[in-house]
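Protein chains in written order, with our numbering: chain A, 1001 to 1439; chain B, 1001 to 1439.
Careful, some of the hints might be misleading.
[Claimed, not checked] Distance windows between CB atoms, simulated:
{"hint": "1", "chain 1": "A", "residue 1": "1260", "chain 2": "B", "residue 2": "1047", "range": "35 to 45 Å"}
{"hint": "2", "chain 1": "A", "residue 1": "1175", "chain 2": "B", "residue 2": "1383", "range": "49 to 59 Å"}
{"hint": "3", "chain 1": "A", "residue 1": "1383", "chain 2": "B", "residue 2": "1173", "range": "32 to 42 Å"}
{"hint": "4", "chain 1": "B", "residue 1": "1434", "chain 2": "A", "residue 2": "1026", "range": "16 to 26 Å"}
[As the list claims (entries may be wrong)] Here are some of the chain B residues that sit facing chain A, going by a computed Cβ distance under 7 Å:
{"hint": "5", "residue": "1137"}
{"hint": "6", "residue": "1142"}
{"hint": "7", "residue": "1151"}
{"hint": "8", "residue": "1152"}
{"hint": "9", "residue": "1226"}
{"hint": "10", "residue": "1308"}
[Unchecked claim] With a cut-off of at most 27 Å between alpha-carbon atoms, the simulated DSSO-like pairs for lysine-lysine come out as follows:
{"hint": "11", "chain 1": "A", "residue 1": "1094", "chain 2": "A", "residue 2": "1122"}
{"hint": "12", "chain 1": "B", "residue 1": "1094", "chain 2": "B", "residue 2": "1333"}
{"hint": "13", "chain 1": "A", "residue 1": "1005", "chain 2": "B", "residue 2": "1123"}
{"hint": "14", "chain 1": "A", "residue 1": "1112", "chain 2": "B", "residue 2": "1033"}
{"hint": "15", "chain 1": "B", "residue 1": "1033", "chain 2": "A", "residue 2": "1333"}
{"hint": "16", "chain 1": "A", "residue 1": "1242", "chain 2": "B", "residue 2": "1089"}
{"hint": "17", "chain 1": "A", "residue 1": "1033", "chain 2": "B", "residue 2": "1122"}
{"hint": "18", "chain 1": "A", "residue 1": "1333", "chain 2": "B", "residue 2": "1007"}
{"hint": "19", "chain 1": "A", "residue 1": "1123", "chain 2": "B", "residue 2": "1005"}
{"hint": "20", "chain 1": "B", "residue 1": "1005", "chain 2": "A", "residue 2": "1333"}
{"hint": "21", "chain 1": "B", "residue 1": "1261", "chain 2": "A", "residue 2": "1122"}
{"hint": "22", "chain 1": "B", "residue 1": "1005", "chain 2": "A", "residue 2": "1033"}
{"hint": "23", "chain 1": "A", "residue 1": "1261", "chain 2": "B", "residue 2": "1033"}
{"hint": "24", "chain 1": "A", "residue 1": "1005", "chain 2": "B", "residue 2": "1033"}
{"hint": "25", "chain 1": "B", "residue 1": "1242", "chain 2": "A", "residue 2": "1033"}
{"hint": "26", "chain 1": "B", "residue 1": "1007", "chain 2": "A", "residue 2": "1033"}
{"hint": "27", "chain 1": "A", "residue 1": "1007", "chain 2": "B", "residue 2": "1333"}
{"hint": "28", "chain 1": "B", "residue 1": "1033", "chain 2": "A", "residue 2": "1122"}
{"hint": "29", "chain 1": "B", "residue 1": "1112", "chain 2": "A", "residue 2": "1033"}
{"hint": "30", "chain 1": "B", "residue 1": "1122", "chain 2": "A", "residue 2": "1005"}
{"hint": "31", "chain 1": "B", "residue 1": "1007", "chain 2": "B", "residue 2": "1089"}
{"hint": "32", "chain 1": "B", "residue 1": "1033", "chain 2": "A", "residue 2": "1123"}
It is worth saying that the hints were derived from the structure and are not from the lab.
Computed from a predicted model, the values in this text were never measured in an experiment.
Where is the CB? At the ideal position from N, CA and C, for every residue including glycine.
Letter by letter, the chains look like this.
Protein chains: 2
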Amino acid sequence: MSKNKVKIGLVGFGVVGSGVAKILLENADSIEKRTGIHLELSRIVDLDTTSKRPVEVPKGILNDDLDALLNDDSIQIVAELVGGTTVAKDIQLKILRSGKHVVTANKALLAKHGNELYAEAKKNNRCIAFEASCCGGIPIVSAIRTGLAANNISAIYGIVNGTCNYILSSMTSNDEDFAVALKQAQEKGYAEADPTLDINGGDSAHKLAILAAMAFGYDISLDNIFIEGIEDISIDDIRYGKEMGYALKLLAIGERNDSGKISLRVHPSFIGLSSPLARVDGPFNAVSIFGHAVGQTMYYGRGAGMMPTASAVVADIIEVAMGNSMALFNSQKTDPLDSSLDSIDNLICRFYIRLMVTDAPGTFAMIGKILADHDISISGILQHEAHDENNTVPAIITTHPNRQANVTKALADMEKLDAVQSKPFCIRIVDVPEDRIDD
Amino acid sequence: MSKNKVKIGLVGFGVVGSGVAKILLENADSIEKRTGIHLELSRIVDLDTTSKRPVEVPKGILNDDLDALLNDDSIQIVAELVGGTTVAKDIQLKILRSGKHVVTANKALLAKHGNELYAEAKKNNRCIAFEASCCGGIPIVSAIRTGLAANNISAIYGIVNGTCNYILSSMTSNDEDFAVALKQAQEKGYAEADPTLDINGGDSAHKLAILAAMAFGYDISLDNIFIEGIEDISIDDIRYGKEMGYALKLLAIGERNDSGKISLRVHPSFIGLSSPLARVDGPFNAVSIFGHAVGQTMYYGRGAGMMPTASAVVADIIEVAMGNSMALFNSQKTDPLDSSLDSIDNLICRFYIRLMVTDAPGTFAMIGKILADHDISISGILQHEAHDENNTVPAIITTHPNRQANVTKALADMEKLDAVQSKPFCIRIVDVPEDRIDD
């Protein structure tokens, strides 16, 4: 690849595509000063060639002719910013087969069809670079691939979805309901009109699949990840958690336990306020990575948005243009996860349980007996003297560490009690690992 | 460079050298799985060949013969971990001239003789990689060089010295004097027997010189950096700051102001508790970097220690072995700083001023007049009703933003007052920039 001038193509001229075009057009000189390479945006392909974008591109470079881009041998790197998992997949395959490198922000596509795409890239001696697929502008992919390459990584604990973090932060600081916080997030542009994939944890799982595959060296599919979203979180849970000294975050967690099994999960998590992750608020993302040599490291920044995501796309374009990515992106060997995957049933952690109970003699005795029957030890109890018209009161129980399978059974037994008015609601209390260095 | 097996030499087998040897010997397989490259530690040179180290190395690879290493053409990369700026410089030059790449953690050497060494590297078509020189295991060099390469970087705000941060954190949380906290830091291994270079800000300045040169694209020498250490911080200042909602940190700051001038400074700084940097405690380091596209990003982790530093050295060895570093490390063009350097006199910020004043009528009027004469507006005043035997009481004044030059003159005038018992003590109140994205 020429070390001086590298021609770039874009497929997809939406929000992120506009940001990438803006950087390539406005920052070409400063990037050349920094890297010695002049990046030239030479073609943009989009079905919509007429809408006004937040950037003006040179006349004639925007059209809807993908084939013309694929057949243009002067273009060496193409950013696929179409999104989705069908058309985008076809486009990436075509780009690779036409002998060009792919740069993408498409986490859903990589999480779903990554292996097929990486194989096609290898076959064509090209690479797929995807810094922008995880946590927007935070250089987290390169941190795992290169910065921490000397480490055995034992755990990833991440706040990787800005929409959820914005909603949970708003609920916490404004003492407001989920629905109110969601509406506000939509008004401010931090949540989509259809926020499902964000709030149900799916988007976080896509990112976890990508990061955990690199960190642990396994093929990871979405099916391997236990996923719970934030849809059912009530302001009461946040209030009670706050009272007990916890912040509520949607965490994406990948962990290698002492017997070498890999646990992969996305769920709402109460974390102690002393953890650096507890202080990550609003639309920001942060990922803590634990390595055997480095201990705890954390990476913080904006996980979404036009310019932060474009920052990561262009960083990848630069890496590929410099010839740095070929070795990196095609070198890691991954194993099938299969028997190394730990089941969520084996998860040992503390639990927060909220029960809506009838305030009557014997209620707590029955609940206590169920917990005892399942060998679950109570760590704390919280019941305020407030009753609704049905004489129902929320009772909070926190447990000492126990297996998920036990707790699941205990919750099912509790639900059967007459005194328990609705499905018990449970949130995991997550102890973010201590910073530990193996020397 | 062979993509399969790469032979590594070490010069300097002290603390960090031992950590590097440990990782290279124990993690060769996992690194090969991740990168496709087998790293072989083939020679270690140290004058001391007999002391027991925390790692056992294969028989015969440790000796005191530098020339034998230099003449061994099978070795492609050498980590210089001797430290200091005299012998180490000579060794790095010899390594480069023998056609090998250099990996180093030696911030003092790079800050002092970087340009000469980089020129020698270019001449020999080899590179000097120095991730480990700044903030130990935090991959901050690679974040600036690659992850944020698409950005115009406007500012670096960093806690880059773990010794100082440990001391200030201990003083704050244990309400103890500087001397007590320093002694404890020494006992725990967080401060050297001679802590001068850490606590006087010199070490932070070395790191700022390296990071700011990359971020802003200028040749930066230590002389360009305004430096104040933490030696004179009293527990009183920390207490008063806490009362006003500030945490005290030694910050290394590099900033490009609106007119394009570069401000470079290391000094104790009161920062608001809502800044992510305010929550970085103990021996940890963190660096916030502000880019025009990405907004605020922050990188957090252990800034020193055998294994965290070794983690960064080996990360660099891997990058160089993969052939990734040549382009990166030899490509950036830097300009002379000269007329672009902003003087500390032009710094505009808020100030915390502690005066030991005689409790007598008219004292505050005189102080107020001096501030008014210099156009300095008072933001807050704090004087507790406690007096020592000399009828002296500490009075704290905080100012609205003003120029350093004005405040310096006002402080000199105040010192001349009979009612002011000792040199006025001043700490800058630093408003860490808002996260701002230019779109």
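Tested hints:
At about 41 Å, the beta-carbon gap between residue 1260 of chain A and residue 1047 of chain B stays in the expected band of 35 to 45 Å. Taking the beta carbon of each, residue 1175 of chain A and residue 1383 of chain B are about 37 Å apart, not inside 49 to 59 Å as hinted. Remark: the range hint 32 to 42 Å for residue 1383 of chain A to residue 1173 of chain B is upheld by a beta-carbon distance near 34 Å. At roughly 22 Å, the beta-carbon separation of residue 1434 of chain B and residue 1026 of chain A lies within the given 16 to 26 Å, and the hint holds.
With 7 Å as the threshold, the beta carbon of residue 1137 of chain B comes within range of chain A, its nearest partner Cβ sitting at about 4 Å, so the hint holds. The restraint placing residue 1142 of chain B at the interface with chain A holds, with a minimum CB-CB distance near 5 Å, inside the 7 Å limit. Interface restraint check for residue 1151 of chain B: the shortest CB-CB distance to chain A comes to about 6 Å, inside 7 Å, so the restraint holds. Because the beta carbon of residue 1152 of chain B sits about 6 Å from the nearest beta carbon in chain A, less than 7 Å, this interface hint is met.
Taking 7 Å as the C-beta contact cut-off toward chain A, the hint placing residue 1226 of chain B at the interface is violated, the least distance being around 26 Å. Because the closest C-beta pair between residue 1308 of chain B and chain A is about 5 Å apart, less than 7 Å, the hint holds. This hinted pair checks out: residue 1094 of chain A and residue 1122 of chain A have alpha carbons roughly 14 Å apart, not beyond 27 Å. For a cut-off of 27 Å, the pair hint linking residue 1094 of chain B to residue 1333 of chain B stands: about 24 Å separates their Cα positions.
Only pairs whose Cα atoms come within 27 Å are accepted, and residue 1005 of chain A paired with residue 1123 of chain B is accepted, the gap being roughly 23 Å. For the given pair, residue 1112 of chain A sits about 23 Å from residue 1033 of chain B by alpha-carbon distance, which is consistent with the 27 Å threshold. Among the hinted pairs, residue 1033 of chain B with residue 1333 of chain A is consistent with the structure: their alpha-carbon atoms are about 6 Å apart, no more than 27 Å. A C-alpha spacing of about 55 Å is found between residue 1242 of chain A and residue 1089 of chain B, which places the hinted pair above 27 Å, so the restraint is violated.
Taken as a hint, the residue 1033 of chain A and residue 1122 of chain B pair is honoured in the structure, with Cα atoms around 17 Å apart against an allowance of 27 Å. About 22 Å separates the Cα atoms of residue 1333 of chain A and residue 1007 of chain B, which keeps this hinted pair within 27 Å; it holds. The straight-line distance between the Cα atoms of residue 1123 of chain A and residue 1005 of chain B is roughly 23 Å, inside the 27 Å bound, and the hint therefore holds. For the suggested pair residue 1005 of chain B and residue 1333 of chain A, the alpha carbons sit about 16 Å apart, so the restraint of at most 27 Å is met.
For the proposed pair residue 1261 of chain B and residue 1122 of chain A, the alpha carbon gap of about 46 Å is over 27 Å, so the pair is violated. With a CA separation close to 33 Å, the supplied pair residue 1005 of chain B and residue 1033 of chain A exceeds the 27 Å bound. Only pairs whose Cα atoms come within 27 Å are accepted, and residue 1261 of chain A paired with residue 1033 of chain B is accepted, the gap being roughly 18 Å. For the suggested pair residue 1005 of chain A and residue 1033 of chain B, the alpha carbons sit about 33 Å apart, so the restraint of at most 27 Å is broken.
For the suggested pair residue 1242 of chain B and residue 1033 of chain A, the alpha carbons sit about 44 Å apart, so the restraint of at most 27 Å is broken. The hinted pair formed by residue 1007 of chain B and residue 1033 of chain A fails the criterion: a straight-line CA distance of about 33 Å is larger than 27 Å. The suggested pairing of residue 1007 of chain A with residue 1333 of chain B holds, with an alpha-carbon distance near 22 Å, which does not exceed 27 Å. Only pairs whose Cα atoms come within 27 Å are accepted, and residue 1033 of chain B paired with residue 1122 of chain A is accepted, the gap being roughly 16 Å.
For the suggested pair residue 1112 of chain B and residue 1033 of chain A, the alpha carbons sit about 23 Å apart, so the restraint of at most 27 Å is met. Using a Cα cut-off of 27 Å, the hinted pair residue 1122 of chain B and residue 1005 of chain A holds, with the two alpha carbons roughly 21 Å apart. Between residue 1007 of chain B and residue 1089 of chain B, the direct Cα distance comes to roughly 22 Å. Compliance with the 27 Å bound is thereby established for this hinted pair. At roughly 19 Å between alpha-carbon atoms, residue 1033 of chain B and residue 1123 of chain A fall within 27 Å of each other, so this suggested pair holds.
Of the hints listed earlier, those the structure fails to meet are numbers 2, 9, 16, 21, 22, 24, 25 and 26, in rising order.
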